[in-house]
Structure formats: C-alpha cells, structure tokens
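Residue numbers (our numbering), protein chains in the order written: chain A, 12 to 476; chain B, 12 to 476.
Just to be clear, a hint being listed does not mean it is correct.
Note: identical chains are not told apart, hence a pair may lie in one copy or across any two.
Cut-off 25 Å, straight-line C-alpha distance, at most; resulting in silico cross-link-like pairs (DSS-like, lysine-lysine) [claimed, not checked]:
1. Lys304 <-> Lys159
2. Lys138 <-> Lys306
3. Lys138 <-> Lys434
4. Lys304 <-> Lys266
5. Lys159 <-> Lys218
6. Lys138 <-> Lys196
7. Lys306 <-> Lys196
8. Lys196 <-> Lys304
9. Lys138 <-> Lys159
10. Lys304 <-> Lys434
11. Lys218 <-> Lys306
12. Lys434 <-> Lys196
13. Lys266 <-> Lys196
14. Lys304 <-> Lys218
15. Lys218 <-> Lys434
16. Lys306 <-> Lys159
Everything labelled a hint here was simulated from the structure, so no lab data went into it.
Number of protein chains: 2
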Amino acid sequence: MTREILLNAFHMNTVGHQSPGLWAHPRDRSRHYTDLDYWLDLARTLERGLFDGVFLADVLGVYDVYAGTPDAALRHAVQVPINDPLMLVPAMASVTRHLGFGVTCALSYEPPYSFARRMSTLDHLTKGRIGWNIVTGYLASAAKGMGKPDQAGHDVRYDIADDYMEAVYKLWEGSWEDVAVVADKATGVFTDPARVHRVTHDGPFHKVDAIHLCEPSPQRTPVLYQAGASGRGRTFAARHAECVFVNGPSRAVVKPLVGDLRRLAAAAGRAPEDLRIFALATVILGRDEAEAKAKHADYRRHISHEGALALFSGWSGIDFSGYALDDVLRQVRTEAMHSAIDSFTASDPGRRWTVRELAEKVGIGGRSPLMVGSPAQVAEEMLAWVDETGLDGFNLAYVVMPESFEDIVDLLVPELQRRGRYKRAYRPGSLREKLFGQGARLSASHAAARYRRAASTRDPACAIC
Amino acid sequence: MTREILLNAFHMNTVGHQSPGLWAHPRDRSRHYTDLDYWLDLARTLERGLFDGVFLADVLGVYDVYAGTPDAALRHAVQVPINDPLMLVPAMASVTRHLGFGVTCALSYEPPYSFARRMSTLDHLTKGRIGWNIVTGYLASAAKGMGKPDQAGHDVRYDIADDYMEAVYKLWEGSWEDVAVVADKATGVFTDPARVHRVTHDGPFHKVDAIHLCEPSPQRTPVLYQAGASGRGRTFAARHAECVFVNGPSRAVVKPLVGDLRRLAAAAGRAPEDLRIFALATVILGRDEAEAKAKHADYRRHISHEGALALFSGWSGIDFSGYALDDVLRQVRTEAMHSAIDSFTASDPGRRWTVRELAEKVGIGGRSPLMVGSPAQVAEEMLAWVDETGLDGFNLAYVVMPESFEDIVDLLVPELQRRGRYKRAYRPGSLREKLFGQGARLSASHAAARYRRAASTRDPACAIC
C-alpha cells in the first residue's frame, strides 16, 4: 500500500490537554493559550508542515471524579481552565489558506437553529475549511453547569443527537438552493425568495420552524467528525461521520475497530472508504534514537501523577484518589476498573502495573500509541500502523507546546515525504475536497443528502418546504 | 463643554444592515461580508481613525411581518442572510491593538454557563476589548427557529434577563479569585483550588452549579451595552449597562432620554456619569457641502423602498405591504401606527409623509439623525448634539461599505481633532479603561460588584461558594 497518510494536530483551548504536568516543562508555552499569537503561530507551523487539520477538542465541564472535587484538575491544569475552542478558528484561518479545522461542539445544550448559523459562518469565513466533531457530552459536571440535575443516559444522548443531526441537515442542505443568491446589482435582487425554503422539523427532541439564516457556504454541512467508541456510538458514526477518531493501545486493538466502522458504514449504505479514520498517537522525535529517548526521559520527569489520575478518574468514572502510587493495579482494582485499565494495558496483558506506572502511561501517550525515536523509526512505526490496521492517519497529541509539533514538521514530515507517503503540497479546495478528493459537498450516499432540494419550487407537500 | 466625543462603528454580519438596497450601489462592497478580508480591512480602517469600537448588531431571525413572509427581506438582503457576529471578533482583534468590540448576543436561548465561557474567551483573546450588548430578542421568527411557539412577553423577558445577569456575574466576578492562578513551574501548581469557588445559582429561570471554566480575563465581565427603550428596558439599562444606545430623530427627543437614563442610574446607586450614552447617527461627508449633497442624492437612488418597508414592518409590527408608495401616511395610518411613525417623524410633526417618503427616511438614516455636509458642518452638528443632549458619542451607521467609514476616518476625524473634541491617540488598557479612564474591572457601584469575593477562603454559608 502506498496511500499518503493524513495528519491532524490534536489540541484544546486549555493549558494541559493530554499530558498532565507538562505545562511546567521549561520549554512548554501552553500557559499562553489565552494569547492569539500562540494560536496564530501554531496555525502557521501546521500549515508549513502541510497538516490536514488542527483538531480542537473541548469539554464543557471539569474532571471532578478524583476525590469528588475539581481540586486536582485545577491544581495541575488538567483541561481546566478551558476556553471556547470555536473562537480560535477565525483568527487561525486569517493566517492560513489550507489548514482544516475540526472543532468539538457538544450538541446537548444549543438549539440546532443558532448552532447551524454559527457553523455556516465559520464555513464562510474559512472558505470551506470547517469541520465539526459531534459530541453529546460525557461529564455530569457539564450538565450541572448548564442547570440540569444530570445528563441524559448514554443511548438517549445518541437518540437526541440523531434528531439534532436531522434538524441541522435540513437547515444546511435543504433551506437555500444553490442558485438562491443572485446578488444582481442591476436588478437590485439579492436573493430569489422562491429558492429559499422554510425548514419545519418536529422531532422528538428538537423543533425548528424557520429558514436557515445563512446563504450556502462552500461545504454547507461542515466535515463531520465523530469519536464514539461504544456500539451505539459506532452506529452513529457509521451513519453520520466522515472522519472518525479511534483510540487504542495496539494495532491488534485498533484493527478490528477500523474494520467494524467500515463495515457499519457499508451497512448504512455508504462506501467503506467514505470514512477517514484517525488514531490518536503521541510521537517524541529526535534527530536520532538517543536524542528522542533523552527527550522522552526529560518529559517524563514533568508528568503530574495526581493530574494524570484526575484525568483518568474522569475518563473512567473511577476515583483513584484513595490509592498509593506504589499500589499494584491487579490487587487494587475492582471489577469496575477492568475495562478502563485494560483499555490502557492491553498491549502488555501480563504485566503488573502500579498506580504510578498507570499515571505515567496516562501522562504521556495515554491510551494511544507512544512512538519515540528517530524520524525513520517513527515513520516506519506510523506506516506499519496504517498499513496493518487500515487507518487513514493520525490525530497527533502534543507533549510540549509547540516543540512537539515543530519536531513533527521539521523532522517527521520530510521523512514521510521521502517515502512517498505524505503530500508535498495541499490539494486545492475545501477541507472536504482535500480529504476525499471529490466535491465540497457531502457525498450523495450520506444520510444528509436526502435533505437536498433538487426542485426549485415550493412544494406544499414537501416535508422541508 | 469640551469633552471628547466617542465613536462606534455600527455594523452587522450581513449584507444590508441599516440602508436597504444600498448593497447594490456600484462602490458598495458589503456583499463580501462572508470574507475575512472584508472585516480585517474594516478593523484596520477603524483603528486608523481611533474609533472606540465596532458595534456588531445581530438578529437571530428574519423580518417577516411585511406581507407575512420573509420574501421582501430576502429579495433586498434586509438583514438576511445574516451570519454569527461573534466569529468576526477574534480575526478583527488579531489585526488591531486598541479597537473595542461590542457584540449583540441574545440571552434567551443560551445557558449562562457556556455563554460566560464564550465571552471570557473573547476577553482573553482580545486582551480586554470585548463588550456585550445584552438583548432579549424581539422577533417572533427567532423563537420559532429555536423551536418555541413564540417568545416570552416583553416584561417577562427582562425578568429572565435580570436572572441571567445574576448568574453570569457570579461566574465572571465570583468564581475565581484574582490570585487563583499561580502558574508556578517550579512547584507544578497551576491553580490554587482553594481560590476557585463553585457558583450555585438557583434563580427563577436559570440554574448553575459549577465553577466558571475560565481563569480571570482582563475585564472579567465584558463591557455591558444595552439599548432598551421601553420603561422596563431603561430600568434594566440603568442597573446593568455601562454603555447605552439611544435612538431618536431630534435633539429634543434624545435629550430627555439621556437625562432619564442618568437619573435612573443614580437611583440605582450609580453615578450618572457611569453611563456612556451613544446615539445612532448616519453621516454623509464630502470635501464640501456640494459634494456631500451630491453623494446623498446618489445614495438615495439606490434605496429599496420595499426593503425599507420590510425593515420598518419588522420594527413596528405593522404590515406595510398593503399600501401604495404614494399613499399619505396621515390617511392610511391606524391608531397602532402612530407611535411607530411618530418616532421617525417627530422632528417634523406638521409634515404630510407619503409611504414612499417614509421608506426613504428608513432607507438612509432611519429613526436617527442624518447629517450631510462638509467635515466642518457635520462636526458642528455632532458637537451640538452632544453638548445639548448630554450624549457621550455616536454609533455611526454606514450607507455604503466601506466608503462611509473611510470618509469618517479621512474627513471627519481630523476635523474633530482640530476642534479638540476627539482623541489623537488611544488610551492604554482595556476597553473599559479606554471608555471610563478607570480600571479594567466594573466599577464598585455596579450591581455585579456584590458578587466579587474579597475573602480567599471557602465559606459554607456564602451564597456563591
């Protein structure tokens, strides 16, 4: 196989995203996340490295499972404080021409009508470079912030999401015909009203009765990202997502996930290759292996064990605050801990892990592969992952900002290019065109396509007229 | 009086904001509102002219009172299509250092928790240059878009808004102490958790139970703008607003509005001069009077009568689609039309207006003063307004983009500076410091100040701990 691999930079509008404690590394600049220049510099670096996109994660709540308070998360800047990711996009777009933007927005708390406008606005301003990572939210603390006693149950959240998607598809795809905007200065007609259609959506969870407020943007529907790992999440992804994030410690774990997603997409009437599948990965590069290993050892000294356990407690729902760092996991773990810990340690099932070792695994790399080595070594490992598992590329976490991304751009990208496995220039066009090599609009086999309007007249019997 | 006057540019993320039809003027570029460059150029022009701020209006709905459909608004691009205004701020901030941003956000449809984060994010990214125009929404079409049968009643909307303000004040002012963020790389402590406090708000309309997600931004609470003209609206403004917009056709109408607002602020325990009051105005400038008048005549030829009536129908709630352009208003108007039309024509009470003339008044200038002349003439009229009414400055609408603002910067600003009535350089600091000459934070007499935390300990009896 000689497919080119895709690279996303994984980030968050916060201090410590995936590497708790590393903000305190002498060369780390992530404390400057409140400055526009920090993000403009990152955007320029990524575009220099021909990154396909920057993926901005988000969480609208705090990690407060550890000891039942947000204190550890606060102390170690574990995804708190955290600012709104969407606000970074217009500024980063203004200094780039090709870089894509995938942004996490939880759909649980915002009506489809105003959200659809926000994303259309970003699609216009970026000239078709916006993507949306669909999440339903997973922290109880977010629900409480939003004034609700708790979040809806897991599967119900996906039912709500299916309904939401239908509403936004109608707004994005079905309200304005391609030719609605005339903008003819001679006649004074800006929009032909006969080609703008009212959306009426009367779903179980969401209602809309309005025209979409925005004229058609380059992509209309943003490129859709999803990361649901549960069965229900994968079914949702197979129906809606164009890009899917997976996360697993080994090729043996990831390969069946990839196969399953492509199979589910086919079952949903799509082509298996309609999905771009990215695995989370962390790479630490040196000019040679020794330099990379020294860098890794240096980074490890800055891991915050308490911060890592606060993060892992939030992800797993298990409070790790009662254990000593030297406790052995096999002894301390309850039945409930099995799946969470196994998902991290599956690559090495026989090993006896201490709580400290778990924290250090979470601290750099987490549940994803950690690739440490020379550019050639890391390139080989990445390509082996892609070729063996059927992945399309990686979502690359940083350890130290911006060093991790600068190393990738300066050391790894040229190595991948030499091997003919990474582009040497961007393709023209929107993010969707760059990723899929076809048009700017969603493919005809996607669930949203049925909300498109072929006719140019208002049909009183039409569900979305 | 020799106070310097304040200038805001009035705009909207749309094609036709206040001058229906003028998008079709040969020199107008507002069709390019979907391009970032259009906004970056505007930001640079305004900062060159030392504008205090750009004020981005918004309306989350369409004007569909005219003939009971949005067709006329669509045809003439009357505030539709309309994109999200907030998305413009980060990009415009990235090319300016001083320009302030006042952005309209309706509070009716977004929980305080996520909205507070969004504004804190913008306050960080702009380094303290964000303002928020508090609106409750006024279009029934917006409510329907959001899935509600109709909007809440007028006064209830202000009760909801009072409750909302209390919730966001608690988040902005009371959750993080000034010294909460330590960011000490040596100890590895980012935030001192003892100095971050959970907000519990259990109001009649809004609930929050969470810490604010953002560390303190330069201004914490954004500069608060309000434009409520009703009695209930003015009471709300006197309590909450720092900047108030007023709108009236003559000094005689505006002067008592200004006096009333300052009196109400004093009654709410604030200093009358704690309010900065701006009047909407439209200016058309030439190098001399003849050139200005010729420009005005040229602009007038591009007014869309139908577009203007669609706009006025939306504002007034009266459907003007049934009248001929040459009908005389005194004959056609019903009792219900009186106040709406009077608010436009009060400067000339004896006159017989035709529907056409009303449309042309709405088309350029609207209910606000229209000042046409040489730089000296317009400067004199502006200063007479300010000195006679007690206004602090103007919110300047454009007729042709960007020509209207370029004329102001190139012709009017130097004239005002020569008269010693306009700054020659920006003050340092945040938007609030620039506007009020004091600190970056809300003044101690403001309603939000009571939510500030002096103590650094968690008090179980404290309402916002």
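Intra- versus inter-copy proximity for Lys159 and Lys304 (alpha-carbon distance at most 25 Å)
Neither. Shortest intra-copy (47 Å) and inter-copy (59 Å) distances fail the 25 Å Cα cut-off.
25 Å Cα threshold - placement of Lys434 relative to Lys218:
Neither. Shortest intra-copy (44 Å) and inter-copy (50 Å) distances fail the 25 Å Cα cut-off.
Have a look at Lys138 and Lys159 and pick one of within, between, both or neither, based on CA distance no larger than 25 Å.
neither (37 Å within a copy, 32 Å between copies)
First find the shortest C-alpha distance between Lys306 and Lys196 inside one copy, then the shortest across copies, and answer within, between, both or neither for a cut-off of 25 Å.
Answer is between; shortest inter-copy Cα gap is 18 Å, intra-copy 61 Å.
Using 25 Å as the alpha-carbon threshold, which applies to Lys196 and Lys304: within, between, both, or neither?
This pair counts as between: shortest inter-copy Cα distance 23 Å, intra-copy 64 Å.
Measure nothing new, just compare the shortest in-copy and cross-copy C-alpha distances for Lys304 and Lys266 to 25 Å and report within, between, both or neither.
This pair counts as neither: shortest intra-copy Cα distance 28 Å, inter-copy 73 Å.
Regarding Lys159 and Lys218, is the shortest C-alpha distance of 25 Å or less found within a copy, between copies, in both, or in neither?
Result: close both inside a copy and across copies, 20 Å intra and 8 Å inter.
Indicate which option fits the pair Lys138, Lys196 if close means a Cα-Cα distance not exceeding 25 Å: within, between, both or neither.
For Lys138 and Lys196, only the intra-copy Cα distance (23 Å) is at most 25 Å; the inter-copy one is 40 Å.
At most 25 Å between alpha carbons: which applies to Lys434 and Lys196, within, between, both or neither?
neither (42 Å within a copy, 39 Å between copies)
If the cut is 25 Å between Cα atoms, do Lys218 and Lys306 qualify within a copy, between copies, both or neither?
Neither. Shortest intra-copy (53 Å) and inter-copy (47 Å) distances fail the 25 Å Cα cut-off.
At most 25 Å between alpha carbons: which applies to Lys138 and Lys434, within, between, both or neither?
This pair counts as within: shortest intra-copy Cα distance 21 Å, inter-copy 38 Å.
Is the C-alpha distance from Lys304 to Lys218 at most 25 Å within one copy, between copies, in both cases, or in neither?
Classified as neither: same-chain Cα gap 55 Å, cross-chain 50 Å, threshold 25 Å.
The structure fails to meet hints 1, 2, 4, 9, 10, 11, 12, 13, 14, 15 and 16 from the earlier list, while all remaining hints are met.
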